[in-house]
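Listed below are the residues making up each chain.
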Amino acid sequence: MSVSAPPATLPRLLTGMTSSGAMTLDHHFEIHGALPALARRRRDSALALVNELERSGLRGRGGAAFPTAVKVTAVAAARGRAVVVANGCEGEPASHKDRLLLERLPHLVIDGALLVAHAVDAGEVVIAVDEQATRAARATDKALRERSDLSRGAPRVRLVTVPSGYVSGQEAAIVNFLNGGPAKPTGGPTPIFERGVKGRPTLMNNVETLAHVALIARHGAAWFRALGAYGEPGSTLVTLGGAVAQPGVFEIEMGASIASLVDAAGGPTAQLRAFMVGGYAGTWVPADIGYQLPLSPDELREFGASLGAGIVFALPSTACPVAELAFVARWLSGQSAGQCGPCVYGLEAIAAALEQVRVGVGGEGTLAQIRRWAALASGRGACAHPDGVARFITSGTEVFAEELVDHAHRGPCAGCVQRHLLPTPVAPTAQRAT
Amino acid sequence: MSLPLAATVGPSAYWYLTRSTGTMAMVLLTLSVVLGVIDVQRYSSTRLPRFIVDGMHRSVSLLAVVFLVVHIVTAALDSFASIPLIDAVVPFAGSYRPLWLGLGAASFDLVIAVVITSLARKRLGYRAWRFTHWFAYASWPLALLHGLGTGSDVKTTWMIAISGGCIAAVLFSVCIRVASGWPGQVGLRTAAAGVAVCFAGGVALWLPGGPLGAGWAKRSGTPTSLLRPAAVRSPR
Amino acid sequence: MTSRLRVNWIACEAHGMCAELLPERITLDDWGYPIIDERPIPPELEAHARRAADACPTLALALAAERARRR
Chain A
1 MSVSAPPATL PRLLTGMTSS GAMTLDHHFE IHGALPALAR RRRDSALALV NELERSGLRG
61 RGGAAFPTAV KVTAVAAARG RAVVVANGCE GEPASHKDRL LLERLPHLVI DGALLVAHAV
121 DAGEVVIAVD EQATRAARAT DKALRERSDL SRGAPRVRLV TVPSGYVSGQ EAAIVNFLNG
181 GPAKPTGGPT PIFERGVKGR PTLMNNVETL AHVALIARHG AAWFRALGAY GEPGSTLVTL
241 GGAVAQPGVF EIEMGASIAS LVDAAGGPTA QLRAFMVGGY AGTWVPADIG YQLPLSPDEL
301 REFGASLGAG IVFALPSTAC PVAELAFVAR WLSGQSAGQC GPCVYGLEAI AAALEQVRVG
361 VGGEGTLAQI RRWAALASGR GACAHPDGVA RFITSGTEVF AEELVDHAHR GPCAGCVQRH
421 LLPTPVAPTA QRAT
Chain B
1 MSLPLAATVG PSAYWYLTRS TGTMAMVLLT LSVVLGVIDV QRYSSTRLPR FIVDGMHRSV
61 SLLAVVFLVV HIVTAALDSF ASIPLIDAVV PFAGSYRPLW LGLGAASFDL VIAVVITSLA
121 RKRLGYRAWR FTHWFAYASW PLALLHGLGT GSDVKTTWMI AISGGCIAAV LFSVCIRVAS
181 GWPGQVGLRT AAAGVAVCFA GGVALWLPGG PLGAGWAKRS GTPTSLLRPA AVRSPR
Chain C
1 MTSRLRVNWI ACEAHGMCAE LLPERITLDD WGYPIIDERP IPPELEAHAR RAADACPTLA
61 LALAAERARR R
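Residue numbers (this note's numbering), protein chains in the order written: chain A, 1 to 434; chain B, 1 to 236; chain C, 1 to 71.
Hints are supplied without guarantee of correctness; some may be wrong.
Just a few of them, taken from the derived set where beta-carbon distance is under 7 Å, the chain C residues facing chain A [stated by the list, open to error]:
(1) A14
(2) D29
(3) Y33
Some residues of chain A that are not near chain C, with every Cβ distance over 12 Å (derived) [unchecked claim]:
(4) A8
(5) R42
(6) T73
(7) A154
(8) V160
(9) G180
(10) P185
(11) S257
(12) V344
(13) Y345
(14) G360
(15) E402
Using C-beta positions, here's what the derived DEER-type ranges look like [as the list claims (entries may be wrong)]:
(16) C:R6 with B:P49: 17 to 27 Å
(17) A:S20 with B:T190: 58 to 68 Å
(18) B:C198 with A:G180: 32 to 42 Å
(19) A:A259 with B:S180: 52 to 62 Å
(20) C:D30 with B:P49: 18 to 28 Å
(21) B:I52 with C:R6: 17 to 27 Å
(22) A:S260 with C:R50: 52 to 62 Å
(23) A:C413 with B:T46: 42 to 52 Å
(24) B:T156 with A:G180: 42 to 52 Å
(25) A:R371 with C:R4: 23 to 33 Å
(26) C:L45 with A:D298: 35 to 45 Å
Simulated from the structure, these hints should not be mistaken for laboratory data. Cβ atoms here follow ideal geometry from the backbone N, Cα and C, with glycine treated the same way.
Produce the entire structure from the sequences given, and follow the hints as far as they go.
Below is the structure:
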């Protein structure tokens, strides 16, 4: 599959990335080599790609970590002309990697999309991007125009902007939107790999996953596996935010410790209290444990954590974790699609209760109520949004138990009055249906 | 078509049956509307759990349909007015009081639609069922006007009392429903309440000059052959 | 062959009839939405479970038969 594999070092995806502007097609081919020639018989090249993906052990980078080879095979086996969707919607506010890929390295994503589209014989490729990510949309559009291979009988590739929202980037939500409905999860029984966009088998991959596919197809599974540790191969993009000198998107080896990530970001700017791992559907880890934590799915699972969409946030001791939890819970409650009772009422109750605890009106009974409501919210909705919030809040009540009890008894602390650190963006138009 | 049930010239047992079952169907239809509103208002108590109210609504509705069917069949069987069966589903095409009978047929058509969609609910899905079910509200006034327009017993006290009771019950239920449903649609709700009140008022105003007035049988379109000869005034 | 109860959470409007008809497996949360006991439905409760599913005004409750999972 490859001519000569580059060395097993970082960077891989981020190779040759300049300080601003998108990488041109020529530069892209110069650095990574030409797109592997697709064998004349589609079946051969499709099989070759799937085998390589399987051997590489690549898992999705959108948060679910589903084995990519299995997904591609499932769609290829389904009946009907497939559709490929490159998911760059990135609903997690603390994540910027997908936007970065589309703004600066769009050709990696397009390569990957074309490769999997060929493997599943897709007639159409959709690149989905958040409607507020205008730079990413412009860069992707420009990149698509640069490519002549798109006009030669290859599948139709189009860029679609999806309304902003935390749940809008969910698989079923994007499919629903592409089918003319709202960008809200549908919770239907049929998986999208069987019936998705326009009723066709739909292969949806995160844009980072597709970027990895683009390189694995060129350099092979062995090259991919040359990096990585703790049973998880390859490299991955992580957005590091919070109290570090240079927050941003980093490419790390799977299994690298949080400490090495923080070092790469210039070190902490204050003493750290805890790390948020995996975004707002993720978990909290106390700083001392977190530093040594290897960022690999297996190791993280031991702590009930997961990398999610590649998000780590360093919370300093100067911030108030109770305020952070309360504000994010309020934001997450507002981000509910508003379709399912347990989510609408449960998240609202949790958010209100956390605010009560923060200002000292709610007592320890309220804390118990929060834990009960979080447990109730899990698994009782059309999507995993309430489950994610439940996990995030429950983990927060464990890690920050001391601060929560303190607030319950004594009200707001000095840290409460600061602007809260965790991002809670406000969309320009109202998202939630009444 | 006629069966030799009674070899008289006047109304047969079928005629009485159709009138009584028609009245019963009206009462049951009214009860169904009331129960439907109690159901959708989610009223419940330990003595009357929701599934009982819901079950009663369904059972009363089906019972109303049974009485309706008997009402229609006996009307067709009766030889007095010779109303063909087709007039039960095709409105306004008959020869006996076409307008007032037709209203009954229109009501029956809506009832059929509601019943079929309800029985096939699982296959049709919730949205199709809910959409059709709204027409149940329309079937009731049609049935009432049909009863008042064609009914032979309209002028009796008991029939007026029953009709008044039905109107009051449905008016009350509609007002309750309109007061609490659809929080956002104040205009639509006021319009619905207005229509209901106007309908009740309109019926009250129309009755004295209409079915309760003189010569209604002729004015409503009874074929001349069936009319009783007018009283002959004794010459002065 | 066992059966399991499944809720369509978008369709559910917290009418609560399911909990009245199958209290052995369904209770209501603080807002009237059903909390389903995930255990499979035994044969003696099958008829009640089916009745509960039929009673749901919005057809949100379904009784899905599934083969016993082979380990």
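Status of each hint after checking the structure:
1. A14: holds (5 Å)
2. D29: holds (5 Å)
3. Y33: holds (4 Å)
4. A8: Non-interface label stands for A:A8: nearest chain C Cβ at 40 Å, farther than 12 Å.
5. R42: For A:R42, whose nearest Cβ neighbour in chain C is about 36 Å away, the distance exceeds 12 Å, so it holds.
6. T73: holds (22 Å)
7. A154: Check passes; 37 Å lies beyond 12 Å.
8. V160: holds (24 Å)
9. G180: holds (17 Å)
10. P185: Incorrect as stated: the minimum Cβ-Cβ distance to chain C is 9 Å, not above 12 Å.
11. S257: Given a closest Cβ separation of 37 Å, the condition holds.
12. V344: violated (8 Å)
13. Y345: With a cut-off of 12 Å, A:Y345 comes too close to chain C, as the shortest Cβ separation is near 4 Å.
14. G360: holds (23 Å)
15. E402: Fine: 28 Å to the nearest Cβ keeps A:E402 off the interface.
16. C:R6 with B:P49: 17 to 27 Å: holds (23 Å)
17. A:S20 with B:T190: 58 to 68 Å: holds (59 Å)
18. B:C198 with A:G180: 32 to 42 Å: holds (40 Å)
19. A:A259 with B:S180: 52 to 62 Å: Distance hint for A:A259, B:S180 holds at roughly 60 Å.
20. C:D30 with B:P49: 18 to 28 Å: Once the Cβ atoms are compared, 20 Å apart, the range 18 to 28 Å for B:P49 and C:D30 holds.
21. B:I52 with C:R6: 17 to 27 Å: holds (25 Å)
22. A:S260 with C:R50: 52 to 62 Å: With Cβ atoms ~58 Å apart, the hint holds.
23. A:C413 with B:T46: 42 to 52 Å: Given about 48 Å between the Cβ atoms, the range holds.
24. B:T156 with A:G180: 42 to 52 Å: This hint is violated: roughly 59 Å between Cβ atoms.
25. A:R371 with C:R4: 23 to 33 Å: Holds, at about 27 Å.
26. C:L45 with A:D298: 35 to 45 Å: holds (40 Å)
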